[in-house]
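Novice: Taking the hints into account, I'd like the entire structure generated from these sequences.
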Amino acid sequence: MIKRILVALSGTTCTTSAIRHAVELAKEHDAELTGVTIFDPDKLLDVGPVPLGGAAAAHQLAEHRMQLASEHIETSISEFETTCKNENIHYRVLRETGDSASRLLADWRYHDLTIIGLRGLFEYGVLNNHGDLVLDVIGNGLRPLLAVAEEYRPIQRAMIAYDGSPIAARAMKAFCMLDIWKPMPTTITCFSGHEGDHVELLAEAGSYLEAHGFEQATMYQDEKPRKSILDALEACNSDLLVLGAAKRSKLGRKLLGSTARYALENSTRPIFLHH
Amino acid sequence: MNHYTPTPSRFIQAVTFIAAIAIAIWLAIWLSGSHDSHGSHEVHMPHFWYIGILPFVGILGAIAVLPLLNKTRHWWESNLNRFFIAMLCSIGTIVYMVVVLGKDSVGPMLDHSIMKDFIPFIILLFSLYVISGGIHLSGDLEASPKVNTIFLGIGALLASFIGTTGASMLLIRPLLKTNSQRKHVVHTVVVFIFLVSNIGGTLLPIGDPPLFLGYLRGVPFMWTLELWPMWATACAILLVVYFVWDSILWRKETFKSHLQDELQHEPLRLRGVTNFIFIGGIVAAAAFIDSNKPLIGTDWYPFPYLRELVMLGFVALSLGSTKKAIRKANNFTYAAILEVAELFSGIFIAMQVPLMVLNASGEAITNAMNKPWQFFWSTGTLSSFLDNAPTYVVFFKLSQSLSQSLPEGELLAVNDGKVSISLLIAISLGSVFMGAMTYIGNGPNFMVKAIAEQEQIEMPSFFGYMFKYSIPILIPIFILITLLFLM
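These protein sequence lines map, in sequence, to chains E and Y.
Quick note: the first sequence uses this note's numbering, first residue 1100, plus one each step.
Quick note: the second sequence uses this note's numbering, first residue 258, plus one each step.
No lab work stands behind these hints, which were simulated from the structure alone.
Positions of the beta carbon are idealized from the N, C-alpha and C atoms, including for glycine.
Careful: at least some of the hints might be erroneous.
Stated by the list, open to error - Think about it this way: if two alpha-carbon atoms lie no more than 25 Å apart in a straight line, the pair counts; the simulated DSS-like pairs of lysine-lysine are:
| no. | chain 1 | residue 1 | chain 2 | residue 2 |
| --- | --- | --- | --- | --- |
| 1 | E | Lys1126 | E | Lys1281 |
| 2 | Y | Lys360 | Y | Lys373 |
| 3 | Y | Lys509 | Y | Lys434 |
| 4 | Y | Lys328 | E | Lys1142 |
| 5 | E | Lys1142 | Y | Lys725 |
| 6 | E | Lys1102 | E | Lys1184 |
To be verified - Just a few of them, taken from the derived set where beta-carbon distance is under 10 Å, the chain E residues facing chain Y:
| no. | residue |
| --- | --- |
| 7 | Asp1141 |
| 8 | Leu1144 |
| 9 | Asp1145 |
| 10 | Val1146 |
| 11 | Gly1147 |
| 12 | Gly1152 |
| 13 | Gly1153 |
| 14 | Ala1156 |
| 15 | Ala1157 |
| 16 | His1163 |
| 17 | Gly1224 |
| 18 | Val1225 |
Specialist: As structure tokens, then:
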């Protein structure tokens, strides 16, 4: 049951799409939405090393960023509130200040699903190379998570990237059991590295999906997943990529798998992550 | 939300005020007495010198580190807080000198650092800063590789005459506006930093602060023109590289971008032109008025600080004759020059002990380091990360240690002795050229970066700038300069 959905109001090109996905799911589950903005002064106002004579320029740049962030935050909140009111969705807004990753993780504890944009998180138009927060929060275990791209795309077909690992299995099971979306046509895809056992893996996974009422198909890609995962997503005309993203070790959780990282950085379609 | 400037605590205000007043009184008392204004010329290593250099290390360290740390970054934005650090390091130096060298050593030190270095230095910078802030260039030309290259070439030439800061502030906005329809702009800003904010300022002492410090130490005003072959080599290579690079990226722009660029034109408009005359006056004052030499064509020795008074006169003319709208269009404030003034007041005092140490141990150091290329790379490496003005002075002093062993023809007479010409070339080039290596190598680098970011250009990070741009492009050029001119 999905009853509370957290939406990151990041002020990026993906925010409109994130709000729309959240509203659709809220209507479907009669859930309430929480829109969260996080102003992270340590990241947004960090102008880097400043030379002698540059303090005034640094101050001016910080003020410019502050104004830019403020405008983006207000625009995002206004868009979120207007959409929720128009769609008659119960909502609230959290205006947070502090470390964006830890604030988002703190808010995530009391929500069933988090929706973020794929292109940046809480940067609010500030271009200061402060690392990829999307990868950072995902690496820190923010699950279940729906990361959406710029273009809104109704989710009617899905593709599960499956290699038989416990992480991939957890993602697949969460996709079926959490009941976020109604059963939909789903393609289970295996990539090279499982030449010997892919037939069995796909058959077992397919029967699991069928047991949950999904119309399933299977596909084997004789290429490394990093290279072909997004092509496969397009080939099977899926609107959603289901992915197990984290590694077991602490370091691995931080760094993410290279496939997940590649998909998150380049996908133009939504990605559902669980582990 | 508001990004406010912090208010210093009363303790800081009180300590800073008392320290500044105490230094001023000590200096005034010493100046009003009768004595040898040059002080003692004894060359010996001061006792506990490693303690004496701590204020210098401290102030340079504070400039480098405090703006970076989350806990101190905001604190550092206050003028008074920065001045507090400068005064703290100055008092540290004075206490050291009183204890180790005796209280009589403080007066000559303050006379030298404040009256002979700081005041002429800051008045020149202030004059150029205020007058060039009264010139505004606007317009939007076609952003073709040819136009951009000409823009950069003019900037590289102008930087020597109005200073790297003045040229950067004058040209960066119209250059960005010209390129506003293009997607690929970062390389243009980076090469602008290389050429206009740094290398361009090589030809005259008013081009870059370290060269003016050399002039204050007795290097003839026109001597820096001898650096033209190195300046021309570096500029020519960079302009050719840029033209090819920009031509490739220009072809990658979209049809829409090219169309917008063709349609959106605004002719160049230069406002505040009379300020060029005042800048000419500053150049003339710096070149011809020196209280140590008779005025050209006369036997008359200008009285001390006449040069500075003339410069301030041109500043007054500029302020009186320039419309406020022009300075507003340049976002002109006094904040940057105030910051330079407050920190340099401390740097000039704190660097006196390191200079004594170099004076005493210079010979030992120059036994191992005595080649021009060594001075070029050493001065340059330090200038990449620290301010290039004190770096220049330190190596200038060091190079004087070698003067005794060289033939007369290879030496240049300066205020307190002689300096090796080949080493002076290396030090001048190192301090000016290699300021381009990082965003913190020279003040205008960061100013240009900040303006570009405010125009929504995604500038590289600190290390991105170094590893993607300055190291691959500039280091080969500097190696070539070394091979051609410094071996």
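Novice: Give a verdict on every hint.
Specialist: These are the hints, each one checked on the structure:
no.: 1; hint: Lys1126/E to Lys1281/E; verdict: 13 Å, holds
no.: 2; hint: Lys360/Y to Lys373/Y; verdict: 20 Å, holds
no.: 3; hint: Lys509/Y to Lys434/Y; verdict: 19 Å, holds
no.: 4; hint: Lys328/Y to Lys1142/E; verdict: 13 Å, holds
no.: 5; hint: Lys1142/E to Lys725/Y; verdict: 23 Å, holds
no.: 6; hint: Lys1102/E to Lys1184/E; verdict: 18 Å, holds
no.: 7; hint: Asp1141; verdict: 5 Å, holds
no.: 8; hint: Leu1144; verdict: 7 Å, holds
no.: 9; hint: Asp1145; verdict: 8 Å, holds
no.: 10; hint: Val1146; verdict: 7 Å, holds
no.: 11; hint: Gly1147; verdict: 5 Å, holds
no.: 12; hint: Gly1152; verdict: 3 Å, holds
no.: 13; hint: Gly1153; verdict: 4 Å, holds
no.: 14; hint: Ala1156; verdict: 4 Å, holds
no.: 15; hint: Ala1157; verdict: 7 Å, holds
no.: 16; hint: His1163; verdict: 5 Å, holds
no.: 17; hint: Gly1224; verdict: 8 Å, holds
no.: 18; hint: Val1225; verdict: 9 Å, holds
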